[in-house]
Amino acid sequence: MKEYFLILLSTVLVNNFVLVQFLGLCPFMGVSRKLETAAGMALATTFVLTLSSACSYLVNAYILEPLDIVYLRTITFILVIAVVVQLTEMFVHKTSPILYRVLGIFLPLITTNCAVLGVALLNIRHDHSFMQSLIYGFGASVGFSLVLILFAAMRERIMAGDVPETFKGPAIALVTAGLMSLAFMGFSGLD
Amino acid sequence: MSKEITRHGSAPAPADAQDTNEFIKGLWLQNPVFAQTLGMCPTLAVTNSVQNALAMGLATLFVLLMSNVLVSSLRAFIPRQVRIACYILIIATFVTAVDYIIQAIDLQLHKALGAFVSLIVVNCIILSRAEAFASKNTVSKSFQDAAGMGIGFTFALLCLGGIRELLGSGSLFGVRLFASSYENWIVMILPGGGFFVLGLWVLVFNWIQRRPAKQETKRHD
Chain Y
1 MKEYFLILLS TVLVNNFVLV QFLGLCPFMG VSRKLETAAG MALATTFVLT LSSACSYLVN
61 AYILEPLDIV YLRTITFILV IAVVVQLTEM FVHKTSPILY RVLGIFLPLI TTNCAVLGVA
121 LLNIRHDHSF MQSLIYGFGA SVGFSLVLIL FAAMRERIMA GDVPETFKGP AIALVTAGLM
181 SLAFMGFSGL D
Chain L
1 MSKEITRHGS APAPADAQDT NEFIKGLWLQ NPVFAQTLGM CPTLAVTNSV QNALAMGLAT
61 LFVLLMSNVL VSSLRAFIPR QVRIACYILI IATFVTAVDY IIQAIDLQLH KALGAFVSLI
121 VVNCIILSRA EAFASKNTVS KSFQDAAGMG IGFTFALLCL GGIRELLGSG SLFGVRLFAS
181 SYENWIVMIL PGGGFFVLGL WVLVFNWIQR RPAKQETKRH D
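Heads up: the sequence lines are chains Y and L, in that order.
35 is the number that my numbering gives to position 35 of the first sequence; each next residue is one higher, with no gaps.
87 is the number that my numbering gives to position 87 of the second sequence; each next residue is one higher, with no gaps.
Heads up, a few of these hints could be off.
Some, not all, of what chain Y presents toward chain L, calculated at C-beta under 10 Å [claimed, not checked]:
#, residue
1, 14
2, 111
3, 165
4, 168
5, 170
6, 185
With a straight-line cut-off of 20 Å between C-alpha atoms, the simulated SDA-like cross-links for lysine to any residue are [as the list claims (entries may be wrong)]:
#, chain 1, residue 1, chain 2, residue 2
7, L, 25, L, 201
8, L, 111, Y, 71
9, L, 141, L, 73
10, L, 111, Y, 126
11, Y, 168, L, 199
12, L, 111, Y, 125
13, Y, 94, Y, 128
14, Y, 168, L, 204
15, Y, 94, Y, 83
16, Y, 34, Y, 126
17, Y, 168, L, 211
18, L, 136, L, 22
19, Y, 168, L, 209
20, L, 111, Y, 128
21, L, 136, L, 84
22, L, 111, Y, 21
Here chain Y is said to cover these stretches of chain L; the calculated rule only asks that three of the stretch's residues, wherever they fall, bring their Cβ under 8 Å from a Cβ of chain Y [said to hold, decoys possible]:
#, region
23, 119-130
24, 183-195
Honestly, the hints are just simulated from the structure, not real lab data.
Backbone N, C-alpha and C define an ideal beta-carbon position, used for all residues, glycine too.
Let the sequences and hints guide you as you build the complete structure.
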C-alpha cells in the first residue's frame with residue numbers, strides 16, 4: 001500500500017509529467033487558454049491515460065513478450081492507445097450525451113498526446129507490475145490535470161493583463177510555465 | 001501571425017525559385033518550433049546539451065523525410081476515413097527503425113535521449129506535415145517540405161541546446177569553454193530553464209517578424 005502511495009506522490013508532484021518530464025506539452029500549451037476547456041481535457045485525459053496504461057501493460061506482457069516481438073512495441077502501443085480512445089468515444093457517445101458534448105472534441109486529440117505513449121513506454125522501462133502500471137498511469141494523469149488546470153487559470157489572468165505586444169501568446173505562456181516548473185522543483189525533497 | 005506569414009509568402013519571387021519555396025518556408029517563416037510551437041516535448045526535454053539536440057533533430061528529420069515521401073507517394077491509395085491511422089503506422093515504422101539505429105550506433109546517446117526517440121511517433125510536426133502537406137502534394141514537393149521543416153526543427157533545437165549547455169554547463173559539445181571560475185547556471189539545465197530559453201527564443205522570433213512590418217508602414221506614411 002505504501003509503495004502505491006509513493007508512486008502516486010512521485011508522479012503527481014515530484015516527477016510531474018508536464019513540468020519536470022516534459023510529456024504532454026502540446027495539449028498543455030494548446031488547450032489552456034480557457035479554464036473550462038482545460039477541465040474537459042483534463043477529465044478526458046485522466047480516463048484514457050489510466051485505461052491505456054493498463055491495456056498496454058497487458059498487451060506487452062501477454063502478447064508481445066511471449067511471441068518475442070518486442071520490436072513492434074511502439075507500433076502496437078500507438079494502436080492500443082488509438083483503440084482505447086476510439087472505444088471511449090463510442091462508449092461515452094452511447095451512454096452519456098452530456099458528457100460526450102463536454103469531452104467529445106478532446107478525445108481524438110488525446111491519441112497524439114505524448115504523455116499517453118510516454119507512460120506506456122516508461123512502465124516497461126521501470127519494470128512495473130500491473131497494479132504499479134495502473135497507479136503510475138493514474139498518477140501521471142492526475143499530475144497532468146492539476147498542472148493544466150492551474151496553468152489555464154493563470155493564463156486567463158494573463159489575458160486580462162497588459163502584456164507587451166511581442167511577448168503575447170506562446171512567449172509569455174512559456175515563461176509562466178518555466179516559473180511553475182521551478183515551483184514544482186520544490187517538491188523534489190519529498191522523495 | 002498567420003497574416004504575416006501569407007504576406008511574406010506572397011512576396012515576389014524569381015520564377016526559378018518557385019520550387020525552393022517549399023524548402024525555405026520551414027527554415028524560418030513557418031519554423032515548426034518558433035512560429036507554430038509544435039513538437040514542444042522533445043524540443044524542451046532533450047536540449048540540455050547540444051549533442052542530444054543534434055541527435056534528436058537528425059532523427060526527427062529522417063522520420064519526417066521518409067514519412068512525407070511515403071505518404072505522398074501513397075496518397076492515391078490511402079482511404080480518407082482511415083488516413084490518420086495509416087499515417088501513424090507509417091511514422092511508427094520509421095521511428096522503430098531510427099530507435100534501433102541509434103541504439104546500434106551509440107548506446108550512451110540512446111540512454112540520454114530516453115523514451116523520446118520512440119516518442120517521435122507522437123511528434124505533432126510529423127503528423128501535421130503528413131496531413132496538411134504530403135497528402136495533397138507531389139513527392140518532390142513533399143520531400144522539400146519535409147527537408148525544410150526537419151532542418152528548421154533541428155536549427156531550433158540547436159538554438160536551445162546551445163544556449164542551455166553554454167550557460168548551464170559552460171561548455172559546447174562537452175568541450176569546456178569557460179574558465180573554472182565560471183559559476184554554472186544550473187537552472188538552465190533544469191526543466192524550468194528549458195521553458196525560459198524557449199520563451200525567450202519565441203520572443204526574439206516575434207520581434208524579428210514584426211520589424212519589417214513596422215518599417216513598411218513607416219514608408220507608406
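Please work out if residue 168/Y and residue 199/L have their alpha carbons no farther apart than 20 Å. Since the Cα atoms of residue 168/Y and residue 199/L sit roughly 11 Å apart, the hinted pair holds (cutoff 20 Å).
What's the verdict on residue 141/L and residue 73/L, does the C-alpha distance respect the 20 Å limit or exceed it? 11 Å, holds
Against chain L, is residue 165/Y within 10 Å by beta-carbon distance? 7 Å, holds
Given the hinted pair residue 111/L and residue 128/Y, is their Cα-Cα distance within 20 Å? Since the Cα atoms of residue 111/L and residue 128/Y sit roughly 19 Å apart, the hinted pair holds (cutoff 20 Å).
Hold the hint about residue 170/Y up to the distance rule: shortest CB distance to chain L must be less than 10 Å. 5 Å, holds
Straight-line alpha-carbon gap residue 25/L to residue 201/L, limit 20 Å: OK: residue 25/L and residue 201/L at ~18 Å, within 20 Å.
Measure nothing beyond the straight line between the CA atoms of residue 136/L and residue 84/L; if it is 20 Å or shorter, mark the hint as holding. 14 Å, holds
Closer than 8 Å, Cβ to Cβ, for at least three residues: run that test on the region 183-195 of chain L against chain Y and report holds or violated. With 7 residues close enough to chain Y, the hint holds.
Restraint: residue 14/Y near chain L, CB-CB cut 10 Å. Satisfied or not? 12 Å, violated
20 Å Cα cutoff - pair residue 168/Y, residue 211/L: 16 Å, holds
Given the proposed pairing of residue 111/L with residue 71/Y, does the C-alpha separation stay at or below 20 Å? OK: residue 111/L and residue 71/Y at ~17 Å, within 20 Å.
Would the hint on residue 111/Y stand, with a C-beta cut-off of 10 Å toward chain L? For residue 111/Y, the interface hint holds, since the closest Cβ of chain L sits about 8 Å away, which is under 10 Å.
Hint violations for this structure: numbers 1, 13, 16, all remaining hints satisfied.
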